[in-house]
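K.L.:
Single-letter residue listing:
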Amino acid sequence: MSGRVLVGVKRVIDYAVKIRVKPDNSGVVTDGVKHSMNPFCEIAVEEAVKLKEKKLIKEVVAVSCGPQQAQETIRTALAMGADRGIHVEVSGKDYETLGPLHVSKILAALAKKEEAQLVILGKQAIDDDCNQTGQMTAALLDWPQGTFASEVSLEGDKIKVVREIDGGLETIKINTPAVLTADLRLNTPRYATLPNIMKAKKKKIANVKPADLGVELTSRLEVLRVDEPPQRLAGIKVETVGDLVSKLKETGKI
Amino acid sequence: MMNANRLVVLSKYFQSGQRLLACNVRHAGKKVQQVQQQRLFRTHCRQLAYAKDLFLGLLNKDEVFPYPEVGKEEQDEINQLVAPVEKFFSEEVDSAKIDREAKIPEETLKGLKELGLFGLMVPEEYGGLGLSNTMYARLAEITSLDGSIAVTLAAHQAIGLKGILIAGTEAQKQKYLPKLASGEHIAAFCLTEPGSGSDAASIQTRATLSEDGKHYLINGSKIWISNGGMADIMTVFARTEVVVDGVKKDKISAFIVERAFGGITSGKPEDKLGIRGSNTCEVSFDNVPVPVENVIGEVGGGFKIAMNILNSGRFSMGSSSAGMIKKLITMTSEYAATRKQFNKSLSEFGMIQEKFADMALSAFAMESMAYLTAGMMDRPGLPDCSLEAAMVKVFSSERAWICVSEALQVLGGLGYTKNYPYERYLRDCRILPIFEGTNEVLRMYIALTGMQYAGKIATSKIKEMKKGNIGLAVSMIIKKAMSRTTSSVDLGLTGKDGVVHPSLKESAKKLELSVTHFGWTVETLLYRFGKTIVDEQIALKRVADVLINLYAMTAVLSRTSRSISLGLKKHDHEILLTNTFCDEAFFRNNYMLVQLQKHTPENDEANIKKIAAAVFQNRSYICSHPLDRTF
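Residue numbers (UniProt numbering), protein chains in the order written: chain A, 1 to 254; chain B, 1 to 631.
Worth double-checking, as some hints may not be accurate.
[What the hints assert, rightly or not] Each computed SDA-like pair below joins lysine to any residue, with the alpha-carbon atoms no more than 20 Å apart:
#1 B:569 <-> A:201
#2 A:18 <-> B:126
#3 A:34 <-> B:91
#4 A:199 <-> B:541
#5 B:569 <-> A:199
#6 A:202 <-> B:329
#7 A:93 <-> A:128
#8 A:199 <-> B:178
#9 B:570 <-> A:153
#10 B:87 <-> B:353
#11 A:201 <-> B:130
Source of the hints: derived by calculation from the structure; they are not laboratory data.
Just so it is clear, the structure is predicted and the values come from calculations on it, not from any experiment.
Build out the structure end to end from the sequences listed, making use of the hints.
P.N.:
Written out as structure tokens, the structure is:
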């Protein structure tokens, strides 16, 4: 076993930003807007670094697909403790249509190339909320998957994963190599301290193109329109239950 | 008639150097003198930075144009560093709790140490981050979000350990800096005493050399020491006996004192109006033994070190105040845009709009000045930017106080309650004009340093004249005649070799006019008062205020020229801000310069002194009550 873990990190609009739709409804405004690492990706990086600190794995490689700015996100992962980074360059039109299927193909190719023992991703990105990349990557690699992980423990060459599902918690044991996706309660990500950021400057980030990995980026999806959620209308106060029923009938609700 | 005058002037030059100043002043051909300056001092050492030459009506545009640039790598680094600090402050810092309990929780302090915020400017080889002044200023914008934390950090590294950093020996640095950078040890700066605040040179704490010459014993007490209760390493200033040219003198020396040396007691924390989470207390030294290796710099050279330390930390107040005001603008504008009265939102009313414009202008000027100064300080060759740093401090502290007060006003009653952070910001802000050198003392420093410089130049010119430099005199006369016919002033900001962007031409002209007018006024004052200018505080206050405005105008012009040239986002707005600011500053300067040109009794200074004298004589207000009767 190589003892190498691949962690995928995505650059998204910061969670605290108020999103605005572009006037032509083709997408959201990203120009000049604050971006940061997807919160679930942060949890994934933290888990990988923890495993390394426990000496259960040897190397953490952070991967990001995107334009030049994706390197900032990789640098943050490096500052949190990843050993090196891989920046898969995707820009312009390709980046706008980049989706989970493309990313999972890229990650699968990299996992094979880097002989990774484990691929850890965030369960979903907060911009598109797809929740697909981890599952697709596992399928492409034909590896077992532990998704929505809230607890991970390595036991020999198997992994015990506690998953957060609708009914409660499910515990499974899977073989390695495997793909895991991190859920909220898996851990609390550390702050990238300033000294670590300075140290991270010396860590390497390799540049790769999707074509080098044999991945084509043509999209099978077309975004027709993006709209803001409907404005919340004002409520109406009524005096009695009778009034309530008549109002509901009036507006055609019952 | 003109010819006769010129001859008279010429002969007077040869008669006595003393009168030279008088002649120059009485005949308003100041431009001549300036041109002369440039010829005599073109090889003048650049170490004096920008502001001093303004006193001569000179604008060293190369010092301040173009606006300092950081490399792409440094900019990436700055952005990387800012993100986790912002995150920490927004998630882990409970400012209301810190203020209420008058304490920074251990957890929070630990987080700050782990982030690396305790050793920002300590070089990497000693375990710090080795940041430049510019990067330090950038981070100060974020740490200022909590006043107590900002002051704790600043007391530790901007002044507490600065002495070791700038004047320490290699051995001292190796010994102390690593633990200070990690935050394992906290530093404090111990200068002020009960009897010596602004008058720092009068401190009484003594350090006496032991019999065996291996230790100094320090005795005395210091007050208002930030981090005084928890500091492990202190920079202490005390009087030592030195022998200068065979004469015994009492001069101040700087010492690195460890609490572990014993004999140090810290009083209870002061109950303060603001920055309540910052520990401030009395520190007493009772025969504290300090090894001689712990003297910083030379024995007897402590005062200079103290001044250097204080000068080097001041500029960051500009960026920290700007950071706070920018936050206030966000918070307050949200309220003003949604709160409705008289069927309109507050943001539609002129008086409210004025407040926001003022806040934007203040933040704009403050950050422009701060980063201009930081950029100048980061230049190789260690330029002396103490004057510029002092100006940034005075401007920022006073404008910040006004802006916070106005922001609170916008919220009305709500702003007055503890449910909102405005009252805490106001209380935290009030210390700004007081500490790190009161604004009164700094104004004197600003004005007198410049006046002294201008006075020296004038005196050396007189010497040149006395040597019989006819060529000098003749060219001056010609230039004087010329300047009476041409009414325009050109200091090189606009035009063919101009450094200011053409869209800012009007404002640049205003700056040039103001600078020239200022140069003349300085001469007038030197002539009128000579050496006694030192006692004319009211006049000096105006001089300092004019200079601060000039520096602010320079900073905004430089910054905006750069923004336009680069095509930065929203640079149109910057042009608007710059023009508005320069307009206001120009007219304020005009008023003050006119006041300075007036001789007493026209300028009210004598009256002010009389009123004050009467008050002090009785130690109270002396008028009879308006309801009193004599019949």
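K.L.:
Take the hints in turn and mark each one as holding or not.
P.N.:
Hints, verified against the model:
Proximity of residue 569 of chain B to residue 201 of chain A is assessed by CA-CA distance (about 28 Å); at most 20 Å being required, the pair is judged violated. Pair hint residue 18 of chain A plus residue 126 of chain B does not hold up; C-alpha atoms about 42 Å apart against a cutoff of 20 Å. As the CA atoms of residue 34 of chain A and residue 91 of chain B are separated by approximately 17 Å, the hinted pair is consistent with the 20 Å bound. As the CA atoms of residue 199 of chain A and residue 541 of chain B are separated by approximately 48 Å, the hinted pair breaks the 20 Å bound.
A C-alpha spacing of about 32 Å is found between residue 569 of chain B and residue 199 of chain A, which places the hinted pair above 20 Å, so the restraint is violated. Restraint check: the Cα-Cα separation between residue 202 of chain A and residue 329 of chain B comes to about 38 Å, which exceeds 20 Å; the hinted pair is violated. In summary, the hint linking residue 93 of chain A to residue 128 of chain A is supported, as the alpha carbons are separated by about 17 Å, within the 20 Å threshold. This hinted pair checks out: residue 199 of chain A and residue 178 of chain B have alpha carbons roughly 17 Å apart, not beyond 20 Å.
For a cut-off of 20 Å, the pair hint linking residue 570 of chain B to residue 153 of chain A is broken: about 51 Å separates their Cα positions. For the suggested pair residue 87 of chain B and residue 353 of chain B, the alpha carbons sit about 31 Å apart, so the restraint of at most 20 Å is broken. With a CA separation close to 14 Å, the supplied pair residue 201 of chain A and residue 130 of chain B stays within the 20 Å bound.
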